[in-house]
Amino acid sequence: MDQMTSDQIGTLGELIAAAALSRPVGGQFDRVLFRAIPLGDKYPTADFLVDLLEKDGSTIGFFLAQVKSTNALSGKKKSLPIAIQARGFNTLVRLPVPTYVIGVDIATDESYLIAAICERRRSLSHIKKSYNLSDDSVRIDLYEEVTSFWKAVRRIPHPTRFDS
Amino acid sequence: MIDKTQSLEVKNGTANYTGWRGELLAELALARVPELSVHKPKEDLGYDFLVATPSGVCFFVLVKAFSSKKLNIENIAEIAELRWRIEIDQIARTKESHTPVFVFLIDADTDHGRFSRLDTIEPAARRSPSHSIHFPIGNTLDKAGIERLIAALEQDAKAMSR
Chain A
1 MDQMTSDQIG
11 TLGELIAAAA
21 LSRPVGGQFD
31 RVLFRAIPLG
41 DKYPTADFLV
51 DLLEKDGSTI
61 GFFLAQVKST
71 NALSGKKKSL
81 PIAIQARGFN
91 TLVRLPVPTY
101 VIGVDIATDE
111 SYLIAAICER
121 RRSLSHIKKS
131 YNLSDDSVRI
141 DLYEEVTSFW
151 KAVRRIPHPT
161 RFDS
Chain B
1 MIDKTQSLEV
11 KNGTANYTGW
21 RGELLAELAL
31 ARVPELSVHK
41 PKEDLGYDFL
51 VATPSGVCFF
61 VLVKAFSSKK
71 LNIENIAEIA
81 ELRWRIEIDQ
91 IARTKESHTP
101 VFVFLIDADT
111 DHGRFSRLDT
121 IEPAARRSPS
131 HSIHFPIGNT
141 LDKAGIERLI
151 AALEQDAKAM
161 SR
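Chains as they are written, first to last, in our numbering: chain A, 1 to 164; chain B, 1 to 162.
None of these hints come from the bench; they were simulated from the model. Built from N, CA and C at the ideal position, the CB exists for glycine as well. Be careful, since some hints might not be right.
[What the hints assert, rightly or not] Taking CB as the label site, the calculated pair distances span:
hint, chain 1, residue 1, chain 2, residue 2, range
1, B, Ser132, A, Arg94, 23 to 33 Å
2, A, Trp150, B, Leu45, 32 to 42 Å
3, B, Cys58, A, Phe149, 11 to 21 Å
4, B, Leu45, A, Ala107, 34 to 44 Å
5, A, Lys78, B, Pro136, 40 to 50 Å
6, A, Ser58, B, Leu8, 27 to 37 Å
7, A, Arg122, B, Ala152, 30 to 40 Å
8, B, Met160, A, Ala86, 49 to 59 Å
9, A, Trp150, B, Lys158, 29 to 39 Å
10, B, Lys158, A, Ser130, 44 to 54 Å
11, B, Ser161, A, Ala107, 50 to 60 Å
12, B, Val38, A, Thr108, 35 to 45 Å
13, B, Ser132, A, Ala152, 44 to 54 Å
14, B, Met160, A, Asp136, 44 to 54 Å
[To be verified] Taking lysine to any residue and the SDA-like style, the derived pairs with C-alpha atoms no more than 20 Å apart in a straight line are:
hint, chain 1, residue 1, chain 2, residue 2
15, B, Lys69, A, Leu39
16, B, Lys143, A, Leu12
17, B, Lys69, A, Asp135
18, B, Lys40, A, Asp135
19, B, Lys70, A, Val25
20, B, Lys70, A, Gly26
21, B, Lys70, B, Glu9
22, B, Lys143, A, Asp7
[To be verified] Over 10 Å on every C-beta distance to chain B, these chain A residues come out as not near it, computed from the model:
hint, residue
23, Ala18
24, Ala19
25, Ser22
26, Phe29
27, Asp30
28, Asp56
29, Gly57
30, Gly75
31, Glu110
32, Tyr131
33, Asp136
34, Arg154
35, Ile156
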């Protein structure tokens, strides 16, 4: 098969991103930090709920990620040509949990991360290649960033009428 | 220094991610051949994936994963042959299925994987509870390796239909 369909590119890209996120890091952690859980086609805003893992494999928080993949050659360019509509991106930004977009270059198997933190007026046409998920340091920074969010949230009292 | 003629037995480590990460990497390896249709059985059939080619040839995949880090093995991808023990009962079940069965052996730390066909194996000593399956370096689980696997299966299917 010479040409991949957009569905095939999407599936392959999601698997490449999930594998990159879950690759064990070295150094002080020396383990897997993330596990990406696919949300399926019926959840439109994000493709993955990504669990942050403790040493024993238990979950201590999560983030949501949208994956965009391309087989367009970007070579040594500093960004990956990927189109994301402003509306879809802003829906991700408005979610009250950490959210990110992962751009996948299926020609090189590389995955690049950007935070979905500020709403945009225009669509996104490129993802910069500054934060490559192949780098242990990027995965460790991401882990610490999202862990900090959940530590802060846990300090906020959560009133409930559903006592156990 | 790697001995390139080495044959090394690997086994389950204690890492808690080997199972799910092994399955993920197996699915990724199969997705690199986009014409394949890959299904995850909803019920426990004893296999992890059912795969179909465009010509209708089907095969099962059983995923076994380990952690080279926990086993202190370096340069796993360069070792001439890896081995993994599988219970005789499981091999006997694959022979009853009438569908080819492949084992994908995957290092959950380095993403390196290999494959071996299970249903054609004849265990030498039936009294032994398990049999050592061989995974030569030529059966590396990359796009070219899977395409070779499919070509061989389709050739077998054609020969049988004559």
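Check: Should the hint that B:Ser132 and A:Ala152 are 44 to 54 Å apart at their CB atoms be regarded as holding?
Finding: With a Cβ separation near 52 Å, B:Ser132 and A:Ala152 satisfy 44 to 54 Å, so the hint holds.
Check: Is it correct that the beta-carbon of A:Ala18 has no partner in chain B closer than or equal to 10 Å?
Finding: 6 Å, violated
Check: Given the proposed pairing of B:Lys143 with A:Leu12, does the C-alpha separation stay at or below 20 Å?
Finding: 13 Å, holds
Margin query: So if I understand the rule, the pair passes when the alpha-carbon distance is 20 Å or less; does B:Lys70 with A:Gly26 pass?
Written below: 13 Å, holds
Next item on the list: Examine each Cβ of chain B, and state whether all of them lie more than 10 Å from the Cβ of A:Gly57.
Entry: Non-interface label fails for A:Gly57: nearest chain B Cβ at 4 Å, not farther than 10 Å.
Notebook entry, point to check: Taking C-beta pairs only, is A:Asp136 more than 10 Å away from all of chain B?
Noted result: 13 Å, holds
Check: Okay, A:Lys78 versus B:Pro136 on CB: inside 40 to 50 Å?
Finding: For A:Lys78 and B:Pro136 the Cβ distance comes to about 41 Å; the hint holds.
Check: When you check the alpha-carbon spacing of B:Lys40 and A:Asp135, does it fall within 20 Å?
Finding: Outside the cut-off at roughly 31 Å; violated.
Next item on the list: For A:Trp150 and B:Lys158, compare the CB-CB distance with the range 29 to 39 Å and indicate the outcome.
Entry: About 56 Å separates the Cβ atoms of A:Trp150 and B:Lys158, which means 29 to 39 Å is violated.
Item checked: Closest CB of chain B to the CB of A:Phe29 still more than 10 Å away -> 12 Å, holds
Notebook entry, point to check: Does the structure keep B:Lys70 and B:Glu9 at a Cα separation of 20 Å or less?
Noted result: 14 Å, holds
Next item on the list: Hint says 34 to 44 Å; check whether the CB-CB distance for B:Leu45 and A:Ala107 agrees.
Entry: 35 Å, holds
Of the numbered hints stated above, those contradicted by the structure are hints 1, 3, 7, 9, 11, 12, 15, 18, 23, 24, 25, 27, 28, 29, listed in ascending order.
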